[in-house]
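Asker: Between the sequences and the hints, there should be enough to build the whole structure, so can you do that?
Residue numbers (this note's numbering), protein chains in the order written: chain A, -15 to 232; chain B, -15 to 232.
Be aware that a few hints might be false.
Just so you know, same-sequence chains aren't split out, so a pair can sit in one copy or run between any two.
No more than 27 Å apart at the CA atoms, straight line, and that leaves these computed lysine-lysine pairs for DSS-like [unchecked claim]:
#, residue 1, residue 2
1, LYS105, LYS196
2, LYS124, LYS195
3, LYS174, LYS16
4, LYS105, LYS16
5, LYS99, LYS16
6, LYS13, LYS195
7, LYS105, LYS75
8, LYS196, LYS99
9, LYS13, LYS75
These are computed hints drawn from the structure, not numbers from a lab.
2 protein chains.
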Amino acid sequence: MNLLILTPQDDLADGVCTITDDRADHIRKILKLVAGDSIRVGLLSGPAGTALIEEVFDRRVVLRCGEMTEIAPPIVEIDIVCAVPRPQTLKKVLITAAGMGVRRLHLLRTRRVDKSYLQSKVLNPERYRPLLIEGLAQGKLTRLPEVTLHPRFRPFIEDELPGLVAETEGTHLLLPDQSGEARLDGVLDKSVRRLIIAIGPEGGWVPFEIKKLERAGFTTFSLGPWTLRVETALAAVLSQAELVVGER
Amino acid sequence: MNLLILTPQDDLADGVCTITDDRADHIRKILKLVAGDSIRVGLLSGPAGTALIEEVFDRRVVLRCGEMTEIAPPIVEIDIVCAVPRPQTLKKVLITAAGMGVRRLHLLRTRRVDKSYLQSKVLNPERYRPLLIEGLAQGKLTRLPEVTLHPRFRPFIEDELPGLVAETEGTHLLLPDQSGEARLDGVLDKSVRRLIIAIGPEGGWVPFEIKKLERAGFTTFSLGPWTLRVETALAAVLSQAELVVGER
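Answerer: The following block contains the structure:
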């Protein structure tokens, strides 16, 4: 936990807040902070700053928040379209996406997505929200990614995607795939203001899906010589995109 | 499992091999292969090719291997120096390192490494070897990374590192750290033939360690604006390095 996230459930009166859950344990047992220490805090979907720890007693920590400032959004906003992975992988994807500043995560059912994955409890907001917050606390961010589930491939690509693309001028669509010959720095330039990146399922997209994505405007490229797990592919593509179009 | 790894324990007589462990279950239950199907196989630390499945019966699969060819090593070889992480993280680091083609993993005790991590059973070869093989099977590789443990920071940097650097001409030493102002493409050029990349512990290096690493030749750079978990930082730095110096 690199940033203590305070949510609307935390009663923040006059900048003072008492927490009595796992976060309190973390402060006491892992960070080993005591009264008088300070800690970075962020308001969910809001600003971040420093808080003074006024009291640590068992599973109870009292904080006094100082001045908070907004965290600037990334220069290039990123939407991830991700084939619904198995639940254990989905958890990692949610944490990584939140921690690396993804704005939206579109979970898409594709041909090679096992039907059972769509029944996963992790797809319920009350289950995935804490994972997103865990990612934010790791990544020192406060903006909760939006998560949406799209149970049908074709309607998403044909009916919803054009609207998403039209939202922001300078949106590029990227499809990391081993079939790609180009590298990311060959298909992206600095004019880009927003990326929509599609990450396939274990076992990959079927040819029909690749064709459909390319027709919808996705540019295929190769991340490298590897065959990566989904959560690793997510980190890999975000870090390459950062190198090519991130702020200097 | 994208590549079935056969080890010296697998009795491969005249190209025929019978497997009776978890791999057999995986072939039957996850990949749902039957007699007559083929599967990609690789010999640990050796060549890879295709095998014909001759028989699938309960927890027993008989394979007949076809011609095998060596997997070319990466153009730029990578050694990772990684502060010993907590055991659960170490497992992920081992899998990711093997799957992304790292040649050597030097596990280093640094100031912020919890003493208890050095007692982890995952540091025993009989415990980490299966994790490396899991990574190879994911990444379709056969070369087992060498893993070494260095319980003392200073002797490793002062006495062992110079020998590692001298092994290969064109070795660059990289230190991804938020203090870095340069980006990877600003500090690396195509002449590099080998990288030694240092990844710090949760909580980061202490200033003394950073100074020591920089004096030893490490160049500090920024991966991006994030604060990443160790296993995510590993994937991120390997994917950025691939973009800058990988084969085209």
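Asker: All hints are to be evaluated individually against the structure, with a verdict given for each.
Answerer: Structure-based check of each hint:
In this homomeric assembly, LYS105 and LYS196 never come within 27 Å of each other (Cα to Cα): the closest approach is 30 Å inside a single copy and 48 Å across copies. In this assembly of identical chains, the alpha carbons of LYS124 and LYS195 lie at most 27 Å apart only when taken from different copies (25 Å versus 38 Å within one copy). Taking CA atoms no more than 27 Å apart as the test, LYS174 paired with LYS16 passes in neither setting, with 43 Å inside one copy and 45 Å between copies. Taking the closest pair of Cα atoms, LYS105 and LYS16 come within 27 Å of each other only across two copies (26 Å); inside a single copy the shortest separation is 33 Å, beyond that limit.
For the identical chains of this complex, LYS99 and LYS16 are inter-copy neighbours only, at 16 Å across copies versus 44 Å inside a copy, given an alpha-carbon limit of 27 Å. Taking the shortest alpha-carbon separations for LYS13 and LYS195, neither the intra-copy value of 52 Å nor the inter-copy value of 30 Å comes in at or below 27 Å. When the C-alpha separation of LYS105 and LYS75 is checked against a cutoff of 27 Å, the pair qualifies both within a copy, at 11 Å, and between copies, at 26 Å. Only within a single protomer do LYS196 and LYS99 lie at most 27 Å apart by alpha-carbon distance; the minimum there is 21 Å, versus 53 Å between protomers.
In the homo-oligomer, the alpha carbons of LYS13 and LYS75 lie at most 27 Å apart both inside one protomer (24 Å) and across protomers (23 Å), since each shortest distance falls under that limit.
Hints 1, 3 and 6 from the earlier list are contradicted by this structure; the remaining hints agree with it.
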